[in-house]
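Produce the complete structure using the sequences and hints provided.
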Amino acid sequence: MKRLHLIGAICLCLALFGLVAPSPAYGYHTNFQQQWCNLPTSSGFGDMPGWRRQASINYGTTPIGIPPETGGKGGYQWGGGCWDSDGMDDSPGDPPGDPNTGGEGGDCSGFTFKTWALRGSAGETGGFRGYDIYKNIHGPYTASSFQTGDNSGFGPMTKSRADMADAFASSSHIGIVYSRTTSNTDVILQAKSESEGTLMKTETYRGNSSYNGVRRKNWTEVDPGVEVAGVPVRI
Amino acid sequence: MLHRIPGGKRLTKRFAAVLAAMTVGAGLGIAIFQPSLSGSAPQEATPQLLIEHRPPRLPATTADPVVFSYQTFCPWAHPETSAPCKPTGRLEVRTSASEPVRSITLNDVGEGRFNASVVLATTSSLEYRAVFVDENSGLRKTLPPKGFDRVTMMPSTTHTISLGEHEFGRTTDPTETVISGGWGKGIGQFGLDAGSEQATIGPAAFTVGADGALVIADQVNGRLLLKPAAGELATLPVAQLGLTRDVVFDGLGNLTLLNMPNRGTPVVSTLSAAGALLGNHSLSQAIPEVMAVTAAGTFVQTHPSSLWEKVPMPGGASSFSGGLPLDDQRQLVLDASNEEVRVAVTTATGVERAWRITSATTLGEVQLARVSGDTLDLVVRAYAEQPTKQAEFVYLRVAGDTVTKRFNMPAVEWAETSALSQFELGVGGLYQTRSTPDGFSIVRFALSTSDERILP
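Going down the list, the protein sequences come from chains E and D. If you use my numbering, the first sequence corresponds to residues 1 to 235, in order. If you use my numbering, the second sequence corresponds to residues 1 to 456, in order.
Calculated from the structure, these hints are not laboratory results. Please note that a few of the clues may not be correct.
Once the Cα atoms are required to be at most 20 Å apart in a straight line, the calculated SDA-like pairs of lysine to any residue come out as [what the hints assert, rightly or not]:
hint : chain 1 : residue 1 : chain 2 : residue 2
1    : D       : Lys-310   : E       : Met-157
2    : D       : Lys-86    : E       : Ser-170
3    : D       : Lys-389   : E       : Thr-70
4    : D       : Lys-310   : D       : Asp-250
5    : D       : Lys-146   : E       : Thr-70
Printed below as a string of C-alpha cells:
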C-alpha cells in the first residue's frame, strides 16, 4: 500500500510537471535567449576587417546546422538575433510579431544585419563588426530600411547583377543570395518566417517587382565569378 | 512548529515519504522535460565544406571554352574556435561512362572560388563532377554527390527565337478565373502567413487533374484543397507530413506531394485519390526546387547539384540526371540566364532538338518548360528595374522555329508560392496563380479553340 502511495506520488508529480513545463508542443516560452544568449562568452568578436562575401555566408549558414545538406533549419524569432548551430528550431511556434518570446533565431533583418556584420548603430561608418552567434542583437535596420536605404553600410544595386552574399529586400522581407540555378532562380539564405525558420530555399525575388537589390558596402573583393579561368583544357 | 495529533508520528513519516517521492518525481520531471525548457545545448559547428555550382549544361558554341565555376564555403560560428577549412579541388571529366576519367586541377582564385575551363574540341558532350578535399579536416566532398553531370553542346540545328524588347503593360486577359477566395482558414479561403520582417507566404503550389480538377497546397493552413471541375472547394482528408512545397498528379490519378519535414531532407509522398498514403521517399538533397511527372516517373530537382532525382518505386534506388527524363531515351535540359533560355531534348547520342530564346529585356526564372514532339511551351519572366520596377510573364509556344502563340501575363504575386509553382499546363490550357492583399486566385488561359469552352 505504501509503495502504491509512493508510486502514485511520483506519477502525480511527473504528470503535474509535464502539464506545466513549457514544451514546443504546448507553449512558446522556451527561454532560449535567457539560457544561451548574451553570456560573457558570447560577446561580439569585434572589428572584422577581413569580412568578405565568403565569410558572410560561412557565418550565415550556421543556423542551418551540420551539415546543411541534411536538411536542418534554424529558428526564427521576430526582433531577435541569437541562434545556435544545431540545425533545429529550438523554439518553434512563437507567436509572430512579439520580440519578447525569447526564442531562437533572428528575423530576416536581424539575420542579415549579423550575417553582413554591420555596425550596431544606424549611420555608423565603415568597417565590419562580427557578432557571436549567441550575441542577441538585431541591429537598427528593418527589411524596409534595407530595401530603400543608402548609407555607409549598404545601398541599392541592380538586381540582375546580384551575386553571392548580395540581397533582395522588400518592404517586409530580406534574403541573402547563396547561389543561382539553371532555372535562373536563386537559392536564398534567409530567416523566412516563424513557420519556416531560417533556411535556404529557392526563390524568385530577383525578378519580383516587390524586391530591390541591396549590396553590403565595402566588400573587400571584386564580384565573384568575374575571373577568367586559366588556360582551357582541350578535350 | 508541528501540532501533535493522534497518530502524528505515523502521518509525519507518511508525509516525509510522500515528500521524498514528490522530490524524486520532480527530479525525474526536470530530467525528462529539461530539453523543452532550455532548448538544446549550444553546439559548435564541426568541420564542414559546402560546394555551390551552377552547371553549364548547354554551351552554345564550340569556340568558347566551357567554364566550370565552384564556390566553397566553410561554415563556422566563431573565428577563434572554428578552424577555417582549406579546400583544394579537381574536376573529373569523361566523354562517356565507358571512357576513362581525366582529372583537371581546379584553379583557386580566392574567396573559396575555384574554376577551370574546357574546350570541347573532339566531343559534343562531356560528363563531369568536382571533387574537393579540405586539407585541414580531411573532409571530402563531391558535386554532384552521386553520379556525374553532363555538358551538351547546342547543335547547329538549334532554333533561335528572339523575344526582342518586352513591351510591359500589354497583357492578355485570362479566359476565366477558375477559383478565388480571401485569406483565412475557413472554407473557400486560403492561408496567409504575413507580417513585418518575414516573407509573405500563401498557397505553395497547385496541380491540374485530367478532368480539370485543381488540387491546391494550402501550406499555411496545413491542408490540401480540391476544386473539382464541377463543384465547390473542399478539403482533402489527408494527413500531411510537414510543409507541402509542391503537388502533382501522376499519370495514374494519384497525388504526389513534396513535403518539408521539420528536420531532414524533403519527403515525396504518394497518395491515392482517396487520400491513402501509398509511399514515402526521402530525397538525397535538402533544397528542392520543383517536382515533375513524366512518362519516365516522378522527379524532383534539388540543390546544390541541380540534378533531377527520380523517386523510385518502393524498394528501388534513386537515379540522378542533369535533364528531366521524358521517357527512357530522352531528357529535357534547361539552362537559363538573364539574357536567354536554352532548352534541349537530349538523347544518349546527342541532341534531338534545341531552342535558344533570347531577349533584349532581362529575363527572370523559367516558370514552365514543356516539350511535346516538335513543340515547346515556355513561360519565362521578363523584368525591368528602370525607370520603374516591372515584371510580367511571357508565354511562348514554338513549333520548330515558328512562334505559334505568344502573349504576356501580369505578375500578380503579392504572396509567395514555391519558386516555380505559379503556372501549370493542363486540360483547358495554361493556369496561373495570382495573389493580392485581398486574396488568392487561379486563372486560366485557353491555348487552343478547344480550350475556349469553359470547363464544367
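Structure-based check of all given hints:
1. The straight-line distance between the Cα atoms of D/Lys-310 and E/Met-157 is roughly 39 Å, outside the 20 Å bound, and the hint therefore fails.
2. Between D/Lys-86 and E/Ser-170 the alpha-carbon distance is near 36 Å, which puts this suggested pair outside the 20 Å criterion.
3. Distance restraint check for D/Lys-389 and E/Thr-70: the Cα-Cα separation of roughly 37 Å exceeds the 20 Å cut-off, and the hinted pair is therefore not satisfied.
4. The hinted pair formed by D/Lys-310 and D/Asp-250 meets the criterion: a straight-line CA distance of about 13 Å does not exceed 20 Å.
5. Restraint check for D/Lys-146 and E/Thr-70: satisfied, since their Cα atoms lie roughly 15 Å apart, inside the 20 Å limit.
When each numbered hint is compared with the structure, violations occur for hints 1, 2 and 3.
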